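Engineer: Okay, here's what each chain looks like letter by letter:
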Amino acid sequence: MRTSMIASIVCGLIFGAGLVISDMVNPGRVLAFLDVAGSWDPSLAFVMGGALVPSAVAYVIRRRRSAPLLDSRFHVPANTAIDRRLVAGAALFGIGWGLVGFCPGPAIAALSTGRWEAVLFVAAMLVGMSAYRVSWGQRLPNDSAD
Amino acid sequence: MTEISFLWPLTGGLLIGISAGLYLLLNGRVAGISGLAAASVGLTHDGSSKLGVGFLAGVVAGAWLAASLVRRPDIVVTASPALLIAAGLFVGYGTRLGSGCTSGHGVCGLARLSPRSLAATAVFMTVAGATVFVSRHILGAQP
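For the record, the sequence lines run as chains A and B.
According to the numbering used here, the stretch in the first sequence is residues 1 to 146, in order.
According to the numbering used here, the stretch in the second sequence is residues 1 to 143, in order.
Just chain B, with the same shape it has in the complex (with noise of 0.2 Å):
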């Protein structure tokens, strides 16, 4: 790791948190992506749908121009379009039956200490970090 490296990710992460800490302030709501996602779809009965499209076309439209005038992301993907669709399957269902992903859980929840967010939050982490284990180093997929 070079010595500024950790600048890009901390800048990116002190964005994220100060996006999802205004959203709490000024609209009173959680910043998590999969709830916002699924509300914008009207998969959801909180009334939050309308600002939900809101700030998802905002995500889309931010990284649009953060790439533009930033930083170009060098997106690496390997997997095939079957494992692409089943981890969007366990994506989508496994974030509604938990209610909440990485930004709910993991930015949102635990910076207010909720005790779900903090089990959420440990439970996917390990379990996805096992996850690449098995496949990279049991099964031998390629980085």
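Isolated chain A, as found in the complex (with noise of 0.2 Å):
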């Protein structure tokens, strides 16, 4: 197995066991962040600072070097155009997020505990993202994300 792939999976268990141990994965706690008008929940923005720290400081290393370790170059958007389509994909994302709670990690996330709701949700996604590729897919340059 190439040591990229090796790395792609770490990073990925750390990711997934963060999801668990900060709650994200429950929609019932995000949920109750994003509802200030109830009794609100603050510790989300417990999790937002807490990831931004060590990747903000990733993304300074990243600055003083030309190649990450295990690939060529590095493949960051350089795209700084705020356009239309990027509020208005923000904007649809954003509803469907406040109608359950289930953003795209914790969804994935939520499948190891077997919830017919994270499937349901992870399967409805996956649609919704080949609803996008067929619509809009073959005019876009640069899809990665951002």
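The reader is advised that the hints may include incorrect statements.
Quick partial rundown of chain A residues pointing at chain B, CB under 8 Å, derived from the structure [said to hold, decoys possible]:
#, residue
1, 56
2, 94
3, 95
4, 122
5, 125
Hints listed in this document are in silico derivations from the structure and should not be mistaken for laboratory results.
This structure is a prediction, so every number in the text was calculated from the model and none was measured.
Where a beta carbon is used, it is the ideal one built from N, C-alpha and C, also for glycine.
Hints given; two lone chains; assemble the complex.
Structural biologist: Written as structure tokens, this is what we have:
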């Protein structure tokens, strides 16, 4: 197995553990965070804050390096244009997130619990991604996440 | 909020950030789950699909291990099947149209001060909050 594949799996393991330990895997918790007019649960702000620190350190280190350790170059998007597609996509995502409390990472992590709700959500999410691919996919030169 | 209740989210958040940082410095890629999920099922052409499958398999296994060894989550989902399907479609289509989700924009994008990710995060947080407000406080959905 290639070293980069092992690195991907290890990073995924840490990510999945983080989602469970932070309880972000629980839609009830996520909705309580988003419900600022109800009995607000601030804990996801700690998740976000905690995640940003090591991630920001890594992006600072990245600026001093020409390439990552296990690839010939960085694949980080350089696009800075805030266009209609970005805003519309983020808004649609926000609606879906607010309706149920699942975003992609926690929903995939929740598959490990065998809950049918997570399976149904992830299946519908993949259908939504396919619908995007069918309607827009060929016209996009750069569709990597950023 | 009890005195140590912030330690769980903080620790979990640090792990998520360490994972995203390692993924960048090792494989040179953004740890955005929606992008990895699309790549895993062949919906992108950026050549990261096998690595994406490895990452997502790790997410499932890591979640299972943490639930078994550290903290068993008490997952509360009140949404009906129809709502779960609708929300999944919105999230799937929206994260591709908007090039990212909570991890790609929220964790990786904010960390590198990407203007696109700052805008996207502001929009999806605001819209998600508004969606919860409407469903709970106007339409009367039970938490």
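Engineer: Tell me the hint numbers this structure goes against, listed in increasing order.
Structural biologist: Of the numbered hints, all hold.
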